[in-house]
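Keeping the supplied structure of chain B fixed, place chain A upon it in accordance with the hints.
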Amino acid sequence: MDQELFNRFVKCAVDTLKVDAAQVVPAARFKEDLDADSLDVVELVMALEEEFGLSENIPEEELAEVTTVGQAFDIVVSKL
Amino acid sequence: MQGLGHRVAITGYGVVAPCGIGKEAYWNGLLGPGITGTRSVEIPEWDPLPYFESAKDARRSDRVEQFALAAAQEAFQQAGTLNVEPSRFGTIFATGIGGLHTLEEQVIIRVEKGERRVSPFLVPMMMANASGAAISMRYGLQGPNETICTACAAGTHAIGYAARQIAWGRCDAVATGGSECAATLTSLAGFSNMTALSSTGSSKPFDATRDGFVMGEGAAVFILERYDLAVARGAKILGEILGAGSNADAHHITAPAPGGTGAIACMNLALEDAGLSASDISLVNAHGTSTPLNDAAEAEAMTHVFGARGVAVTSGKGVTGHALGAAGALEAAQVLLSMEKKLIPPTAGTTQVDPAMTIDLVTGFARAWTPAPAISNNFGFGGHNGSVIIGPGE
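Protein chains in written order, with my numbering: chain B, 1 to 80; chain A, 1001 to 1394.
No lab work stands behind these hints, which were simulated from the structure alone. Just so you know, not all the hints are guaranteed correct.
Examples of chain A residues lying across from chain B (beta carbon under 7 Å, computed) [what the hints assert, rightly or not]: (1) A1055; (2) K1056; (3) R1116; (4) P1120.
The C-beta atom is built at its ideal place from N, Cα and C for all residues, glycine as well.
Same shape as in the complex, but just chain A:
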C-alpha cells in the first residue's frame, strides 16, 4: 500500500452474522444453504449480555453497537497484546445507517406518548458513530476515531482507510470493520418500494433469475497492525492489506454507472496501490447483491479488468444477505477465512449464472484454492465504490 512504506498486517478479527456468531460458526454458515422466502435475515435470539458489564450498559446500546462490540471482543482476543501507544491506535469504523431500530422505536413513542417520553439515550444510541465510539472507549484507543457512512461501500472504505492510517505512519494499529442492523419495518418498506429487495425473498447473486437483495445484518471487526511491529511481538499474521481503491461514479443516486466504469476504475486504483497487476489476483469477493443492475454492471467490470472468466468470483450474500455498511467487513472476513481454509465458499442460492455474464462464479460446492491476493469489492448507493486487496499471511 502506498504511503511511507509501512506494510499492514491483520492480526485478529471477529464476526457476528445471522449464519454464525464467531469465525468458525460463520464459516460453517457460509458453506450452508442460502436464503429463501424472506426479505431479511436476522441473528436469531441475539443475547448482548455476554459482551457487556451490566444489563444496563447493554440496554443503552443499540443492537448495531452490540454487534460491533461482540465482533471486537473476538478480534481483540485473537490479536492478543499489542505493543502500541494508545494515541497511535485508531478506530476507523463503518455503518450504513447506525441505530435505526432505536430511532424508529422512539419516533413511535413520540407519536403515541408525546415528546416527554422520548428516551434521553436516543441520541447516543442512534448516532452513526456510536459503534466506533464504543470500541475506542472499551479498549482505550486514543488515535483517530472516524466513522465512514458510504452506504454499502462503507465497510470496504473503512478497512482501506484504516490500513492507510498505518501505511501513512499516523497509526501503529487500527481497529476497523463495520456493523449494521437496519432491517426495521420502515426501512424494509423503503427498500421494498424502491424495488431493491427481492420480491421472491431469495438472494442469488449473478443468477439469471435474480430479482433483488435480501436485507442482512451483522458486524466484523479487524485489528490492523504495522507489519514489522506484529512480527516483532510474535503475532500470527492472518493476512495483509496490500492496497485499496475508492472513487465515485458521479452518475446516479442508486444505479451503477453503465458498464461498471466506476467499478473498473476503482479496482484499477486498488491494483495500482498494491503494485499488482490483474493477473496477480486469484479471487474476487464480489459485491454481488443479487439486484439486476448491480450484478450486471459488476460482472461487466470484472470481465473488463480480469478478462472473460479470468478469475474465480464468489459472493457471500446468498447466505448473509446484504448487510449494507457491514457488507465489506463481513466479506473481508470471508476472504481471510478462505485463506485459512484454502477453500472458496460457493455463491449460495445461485444455480444458473446469467448467460450474459462471462465470469467464473463459484457455485454449488466450495472450490479448493491456494491462497493468493484477493480483491473484495463493494458499491454503495450514491455511486460510492470501494475495493480492498488482501494478501495471505505467513
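Bound conformation, chain B alone:
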C-alpha cells in the first residue's frame, strides 16, 4: 500500500467524517467503526475524487459494494 496515497485518503476521511486519523485503518468498517452512513460515504467519495483529481467518477454500483476503508482506498487507487 502506498503510504503517501493512504495519508491523503485519511485526511479526506478525517475532514468529511469527523473521525480521528487513528481510526482510519484499512480494516475499519464505515458503518460500524466510523459511524458513517451511505450519504457520508458518498460525501467522502466526492472529496476523494477531488483530492486525487479523478477524471472519471466512481459509479454508484461500485460504491454500493464498499463497506471498509481498505475497499474504498483500492477503488480510488484503481482509478488513478
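Below, chain A alone, put in the same frame as chain B:
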C-alpha cells in the same frame, strides 16, 4: 382560545439571537443599543458544537437548524419532564426560508465544480421543514410535525396554530417557535434591490426617518402545554396563549393593505378568539420593521383598534433586526421576558416617532409595566397577517 376549552400554558422557552444567546443575555441585549451602520446583524462567532453529539452531526445541519436546536435545548431544559404521550406531543415550527446558506453555497459549487460536487446533504439541509424535523427527532415528538412558511408572519402563525392543536384537543403539548438564517449575499442583494433594506443601515421602527429594515437572524422555541396538565405536574406557568388571529390582505405581494385593514381584522380575530376587548390589552409588541410602508399601516391599524395612544407599543427590531420567519418567535419571547421583568424594553434606534402616527411608542428607556394580556403582531410578504395574545402566568 376557542376549541374544546383547553387552556394553553407556556412552560419553557429558549432564545438564540445576535444580541444574546439564552433568555437572560437576550433580555440584556434588548435593553442595549440599537443597530447602526449594517445591513444585517448576525450571531458573532456562533459555535454549534455544544448543541450536537458530534461535529459531523453539526456539520450536517444548516445554521438555521443549529439555531433551532440550540433554542429548543434551553426551552426543554426549562420545561422539565412533561407527562405527555409522544403521539400527543407535536412540533409546529416556522421559518421564512430554510437552509438558504447551504443552498447558496451548493449553487456556487455546482457552477464552479460541476454537478458531481453538489453535497448529498443539500436537500435535508436546505428544506424549510428541517428545523422542525430535527426538533421532533431529537426529543421524540411523534404528534403532528408541520412547518409554516408565511414569510415574516410565520413565527406568530406557528405559535397560534400550535396553541390551537392543544385547544382543539389534538395535542397535550407542542414545541413551537421559529428559526431563520437567511442573510446570504444573494438574499441581501434581493432585499436591497427591492428597497426593503435600510439604505443607512439602521433599524428605527416608527421613526420619522426610518428607511427600511436591517436583516436579523436567530431562533426562539416554546414549549406549550395543556394548562391543567402543566399545573398537575407542578410546572411553572410562564405565560398563557389566550388567542390567535390569522388572515390575509389579498392586496399586494409586498405592500400592506392601505390603512392596515388586514392587520385590524387580524387583531380583532385574535381578541375575539381570546374573549377579550381591546381595552384588556396593555402592550402591543409590534411588527415594526422600520420600513416606511409597514410601520405607517401598522400604526394606523393600532390606532384603529386601541384608540390614539391607547396602549403601550414597542418593537424589538431596533436591536434584533428583522429575522423574518423567526421574528414572531423572538418577539413572543420578548413579551414573556417583559412579563417576568415587569418592564417594556424601549424601541431602540427610534428617537423621533413619525408625527403622522398616534401611538404610545416606548422609546429611550424601559418602561415599568404590570403584566397583563399583550398582543404580538407580525405581517409577511404575501399579505399574511398574524396576531397572538399572550397572558401572564401565575
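Problem set entry | Hints the structure fails to honour | Hints that this structure does not satisfy do not exist here, as all of them hold.
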